[in-house]
Amino acid sequence: MTTPPPSADAAPGAAPPTGCELQLMVLDVNGEQHEVITEPRRTLVDVLRHDLRLTGTHVGCEHGICGACTVLLDGRPVRSCLMFAAQAEGAALRTVESLAPDGAPTEGPEEGPEAGAQAPPAPGDRLSDLQQAFRAHHALQCGFCTPGFLMLAEGFLAERPDPDEAEIREVVAANLCRCTGYQPLVAAIAQCAAARRAARENRSAQRKEL
Amino acid sequence: MKPAPFRYHRARDVHGTTRLLAELGEDAKVIAGGQSLVAMMNFRLARPAHLVDIAPLRELDRLGTGPGGALRIGALTTHHTVETAPDAVLGAGFAVLRRAMGWIGHLPIRTRGTVGGSLAHADATAEWCLLAVTLGAELVATGPDGERRIPAGEFFLGPYTSVLGPAELLTEVVFPRPAPHAALTEFAERKGDFAIVSAVVDLDIEAGGVRGGRVGLGGVAPVPVRVPEAEAVLAAGGSFAACAAAAAAAADPPGDANGSAAYRRALVRSLVERACTEAAAGTAAGNATRKAVSR
Ligand SMILES: Cc1cc2nc3c(=O)[nH]c(=O)nc-3n(C[C@H](O)[C@H](O)[C@H](O)COP(=O)(O)OP(=O)(O)OC[C@H]3O[C@@H](n4cnc5c(N)ncnc54)[C@H](O)[C@@H]3O)c2cc1C
Ligand code: FES
Ligand code: FES
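Protein chains in written order, with the working numbering: chain E, 4 to 213; chain C, 29 to 323.
Only chain C is shown next, with the shape it has when bound in the complex (with noise of 0.2 Å):
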């Protein structure tokens, strides 16, 4: 189908763009990598009668180690440029990131599609949505008031829905600290295709022994949720076995076309694990596993 008919305007900086949003109103829509909204616009999931196209803002497409070792992701970076960032640039503690962006759709898709899309689109298996929420990011909204910071974990509200408001322009994420012992897996039937559920541990390691850590879930709720219960275990020194078994009791997956509930709580365990033995050997081989899961 072809998306209806909008008028297009090209942004000129950040301040103008969010005044230019509140005066449209509820019509308009913010483009940045088009890569979940053109789709929707061209099945008329979609129909703004405003595109405010915000690739003009350069800034926004930043990327490098602030203060105290944190990570400062502007919202245009698209995920081939995380992708492919040096050590030099994305910092070795950051490695995660990098390897995590095979899981998202392919390269023609990751080199237009945005970390700040991804995150406003808040779709509920998205891998940055996972990320932010696991590793405690800082997202950072512009609106016409000001700016304010919003910790991932209040961010999503639902599925595609977040706190942002109409005219809020969504300008950077901030990781706070390197997460050197972290890994992101999931599992999806096609190679490519947003995960059915998808896991990130990020383990705290000192003297070669795991003391705690944190893991996050995608796909068992309606927005990226930590799970105390399995973070717990590995607090006490628990198996990542026992890890990962208290992950899947404390899921409360909903079922539906792409999986039952009690599959979702079997992808759970195996994920939750995996992404634990990843972490703590920390050259996790992100797509190589992806193989291995399929059966």
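So here's chain E without its partners, still in its complex pose (with noise of 0.2 Å):
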């Protein structure tokens, strides 16, 4: 049932789709290659969530405008339900699962002779510096904004590391929260920008030292 993935000079003037025509891809998501076997028609979102069970990228309005589905592209932030799947093809994507690869959800204390050994890692604990800005400055509530919000933070940050508090402004109004207000996430992103900027400042003082 597959069909050969289409391409310029594929047979020009064939019939047009009637039914569910297949393609084969081979997506790079946070670091690991994909082969998905599914319509063109599929837009990068519906393949993470359903294809791929990434189900941490949220779909919102699917034309663009709440940005609850912003992932990273090449390291830039895009909408994916502005994309198909067939065309993040040769692109490195990166989700919301990859702030903190080891950070799933851990249930209670983990079982085992050493168990009670080491204290069990604080909450939060294994979240990445931005995810525990938000953390720590409130920047969610109910948290259906949260993988866009923190996908766009983290691709504009790589842009740019050392942003005013208007370009914080400017880029957040490129996403839609409708419970927190934006001043958390305002917060969140400069004190994540500023300690990555200790970070580095701190780095570059010992190189110098040694």
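In short, the hints are calculated from the structure, not lab data.
Be aware that a few hints might be false.
Stated by the list, open to error - Partner residues aside, some chain E positions facing chain C, computed with beta carbon under 8 Å: (1) I40; (2) E42; (3) P43; (4) E65; (5) R79; (6) P80; (7) R82; (8) A89; (9) F159; (10) A161.
From the three backbone atoms N, C-alpha and C, an ideal C-beta is built for every residue, glycine too.
Fit the two chains together into the complex; they arrive one by one in their own frames, and the hints show the way.
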């Protein structure tokens, strides 16, 4: 049932698709290669959620307005509802699951003989610095918009590590949050940027000492 | 909603693509950044049977100055590439384009949306369409019969309609000369929305004085327009306020849910004067002024 991936020299003038024509796609998501066989009309957000079961990426409006579906494509924030998965072949994708790869929810202290020896990780220990900043500043309530804001901020800070507050305000306007108000989001992103800057300065000071 | 089924084709080169488009006929559509088309397909406002993805045509993703100080922008250049282009690439005389990008949607839209896609989509208040018309750009299209160059003033026919044929690919837009004293400003209800009214002013400044200039408006007609009446005021040495008043008097905007004709005319007056002031200052803070407009 699989049709070969069509290309510009696929039989031109071929009849328009009627039922479900399938296409093989190879997607690079969070550093792993995934083969997906699906219809070309499948949007990237649907492939992430339904085919790859990466349900951290949310979907709201499906027309680019809300930003719940924001992921990184080659490091840049994009709307995954406004792309067909086929368009993402050959690019490196990152979803919210990549921020804290070991951050799967823990279900109480681990079992086993050593379990009591170490204190169980405090909740939040396994979150990335950006996620921790969101937590510390209460930058989420229901959490629906959170994966989108996290990936928006991650992509933005990668390009502009030293943003001023006006730039942060400008960028968070890209996504919608109906719960928290934007002030905690601005504070969280500013604090994460400041912490990363301090770490950078620390590292370069240490290098000079050596 | 989910898009209707289609067949996906990946472009290999410009000529092959135009041939393929000619063979597929009216049921085929080009997809560039998809920031307008995918939204329309998700709502089934568009249901092409074939989608030809031109993103692999990397030769159309370029930006640089050419002979005579012209700026050549490949169709697949993203809004974000222009927004972040250094002076060495964009040319100091084209900083107006960089500043204008902040008005287009939001960062995650600008990282995907392309200059060629904006022009081909021909939204009546799209920033690129207004900039192209006001700054006298030339659009380069390639079809099965070869290449043609179309002045921006003749390119747009109406809302979402241009002279591009179904098998034609927009490959490049050329801004013929630097516009060091130009500014774009606009008003929209919410940050990132398409403008209700937008204005571009490009002043000719010699020996510290305004000698004339071009005034363009979006949102007052089915396509972006120049306003000769307002330009005449600038050429005659009139004030920016007089220029803005002339633009408002000349404009015959439509009234719709986004604003009555009288409201749009009032916007024209404020925005043209503001664009004149920012153009003369040469360092318009683009987005900073957005807040001031909102009441
Ligand atoms: C939330 C949101 C807000 C936005 N706000 C703004 C805004 O304020 N101002 C603004 O200007 N735009 C705005 N946009 C639209 C955005 O600028 C798009 O990038 C642009 O309209 C289309 O460019 P694209 O590359 O995405 O084209 P696509 O969506 O891929 O294509 C659009 C149309 O152009 C055709 N096309 C594309 N490239 C070519 C080509 N090279 N030759 C021939 N035909 C071609 C396609 O067939 C299609 O009909 C917004 C979009 C969203 C989702
Ligand atoms: S679901 Fe993609 S922007 Fe709303
Ligand atoms: S936390 Fe509920 S929408 Fe943002």
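Hints versus structure:
1. I40: At 13 Å from the nearest chain C Cβ, E:I40 fails the 8 Å test, so the hint is violated.
2. E42: holds (7 Å)
3. P43: Interface hint status for E:P43: holds (4 Å vs cutoff 8 Å).
4. E65: holds (5 Å)
5. R79: holds (4 Å)
6. P80: holds (4 Å)
7. R82: This hint holds: E:R82 lies near chain C, its Cβ roughly 5 Å from the closest one there, short of 8 Å.
8. A89: It holds, given that the least Cβ distance between E:A89 and chain C is near 5 Å, below 8 Å.
9. F159: holds (7 Å)
10. A161: The hint is violated - E:A161 has no Cβ within 8 Å of chain C, the shortest such distance being about 12 Å.
Taken one by one, the earlier hints fail for this structure at numbers 1 and 10, listed in ascending order.
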